[in-house]
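Spelled out, the chains give:
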Amino acid sequence: VALSGAAHADPHPDAELIIEGELQLTTRAEAPAHLDGALPEIYSGWLFRTDETRSLQMDDFDNPAMLAVEDGADMWETAEGAAEQSCADCHGDASESMKGVRAVMPKVNENGDLWSMEDYVNNCRTERMEADAWGWNSQDMRNMTSFISLQSRGMPVDVAIDGDAAPFWERGKEMYYTRFGQLELSCANCHEDSWGMMIRADHLSQGQINGFPTYRLKNAGMVSVHNRFRGCIRDTRAESFAIGSQEFRELELYVASRGNGLSVEGVSVRQ
Amino acid sequence: AGASASAEIKPADVVWEDEIAIPMSLTGVPGDPARGAEVLSKRSLGNCVACHQNSAMPDVAFQGNVGPTFDGVGARWSEAELRGLVANAKRAFPGSMMPVFYNDSPADYIRPGDAYTAKAYNPETFSTLLTAQQIEDVVAYLVTLTEY
Ligand code: HEC
Ligand code: HEC
Ligand code: HEC
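Sequence order for the protein chains is D and R. Residue 764 is where the first sequence starts when you use the working numbering, and the numbers rise one by one after that. Residue 284 is where the second sequence starts when you use the working numbering, and the numbers rise one by one after that.
Just chain D, same shape as in the assembly:
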């Protein structure tokens, strides 16, 4: 293509994501081998945002996502359901029991199903607490996944793509390259072929999910991975898939794997 001149020039060249002046997160990493050279290097979406948005994420007091984390922390201690148990009753201190969990999600469970974090949380709610399941995109669920994700902040994304996970990963990969909708655009068209470019007012990132759940300034609230996918597919004038669908779990696994090596940001801020 003859138009690659200005392309790929501009994730921020040297900004460093350091939380509270202490914890340095990895926002640039070597592309995983399974990408077969599709990206020269992988970048967190953080590098594509404005100075103001980037700085919000460097200070937990300024980071609006921390409010969701606080609510999640309260919920962690709250007994609900017929079994009258809280998450903490079984899992104790989340900073130990949930450390690393986000970095490997989604993953295949003992029954061979691919589960996202939301599925694990709801399974504990319904099977163990005998409480109602939360809606995938409900505020309670987003608060809880925010709280759990924070426990992995700074750890490298490291989802498994082989063994039991392989068939799910293959289907997710196929989706990533499928040109959906009347605009016939795939995830790859925007986030692999055109990252660094402007599409109207939007500076295209590589569409990584290491930052999720993310506080979107535009929505003034937390956005789940599947909600973001739904929005991007909707914007191709397509019939989207449902949040929490098997298709989106598979796409989540594949997109997560493209970010293997980037830090889990715990909770990020995007425009």
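Rather than coming from a laboratory, the hints here were simulated on the basis of the structure. Hints may be right or wrong, so weigh each one.
Unchecked claim - Derived DEER-like restraints, expressed as beta-carbon distance ranges:
(1) T408(R) with G855(D): 50 to 58 Å
(2) T813(D) with T400(R): 27 to 35 Å
(3) R359(R) with H797(D): 39 to 47 Å
(4) K402(R) with E833(D): 31 to 39 Å
(5) E783(D) with K402(R): 28 to 36 Å
From a predicted model like this one, the values you see are computed outputs, not experimental measurements. For every residue, glycine included, the Cβ atom is placed at its ideal position computed from N, Cα and C.
Using the hints provided, position chain R with the ligands relative to the given structure of chain D.
Chain R with the ligands alone, transformed into the frame defined by chain D:
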């Protein structure tokens, strides 16, 4: 649509030249460059500037750069070629990111939706992204962009 609808060439009936150009007007009604400029820049219409930069419209905010600049596009391409490019750029550029603006067949798409609702398309209302006359208007504007 409206009164001129019967004179319009439907997407399936378009006659192509050299696979990429459309020599005949889609409506027989001359394009209006002012309206074409509006189609080009408005989000709710063609939104071409989402991907193309156009120096002739300095007042239009947030011009994208996924595609080539429009500067000089009227010097690079003939009117017939521009009509073909706007109607279906994938003929000249196979695999292009540029959407096909003149195709009303939902069967050609994967999970076509009902505009930006995320819902399935409605067979009653599914239509081309631009009307035949809007394409004529855009082409009438693009031919004026001869300056680099
Ligand atoms: C028409 C272009 C387009 C397509 C197609 C598209 N996206 Fe996006 N996507 C965007 C834009 C614009 C943004 C907001 C800016 C950014 O972060 O890139 C975005 C943001 C994202 C983000 C948030 C990144 C972050 O750091 O917060 C993810 C994740 C994402 N997209 C995944 C996908 C996936 C998966 C697909 C395919 C199902 C897809 N996108 C298809 C345009 C697109
Ligand atoms: C009655 C005990 C019990 C309660 C209450 C409970 N869990 Fe669990 N949870 C488990 C067990 C057992 C497992 C499976 C073994 C494991 O991975 O620790 C599990 C697994 C998980 C996992 C997957 C961890 C992994 O590494 O695969 C998550 C996430 C989780 N629970 C979150 C929660 C949340 C959030 C709550 C409260 C809303 C909760 N749990 C309540 C017992 C419980
Ligand atoms: C999603 C991105 C996108 C949108 C929207 C878009 N285009 Fe394009 N366009 C492209 C790309 C990319 C090319 C370059 C062809 C290629 O290599 O794929 C192109 C090429 C062209 C060309 C040929 C330019 C040249 O000088 O070679 C014309 C003319 C054109 N587009 C007109 C339009 C018009 C008019 C609209 C709106 C009605 C539009 N485009 C909307 C992406 C887009």
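Hint by hint, here is what the structure shows:
1. T408(R) with G855(D): 50 to 58 Å: Between T408(R) and G855(D), where Cβ atoms are some 56 Å apart, the hint holds.
2. T813(D) with T400(R): 27 to 35 Å: 30 Å, holds
3. R359(R) with H797(D): 39 to 47 Å: Taking Cβ atoms as reference, R359(R) and H797(D) lie about 40 Å apart, which means the hint holds.
4. K402(R) with E833(D): 31 to 39 Å: 36 Å, holds
5. E783(D) with K402(R): 28 to 36 Å: 43 Å, violated
In this structure, only the earlier hint numbered 5 is contradicted, and the remaining ones agree with it.
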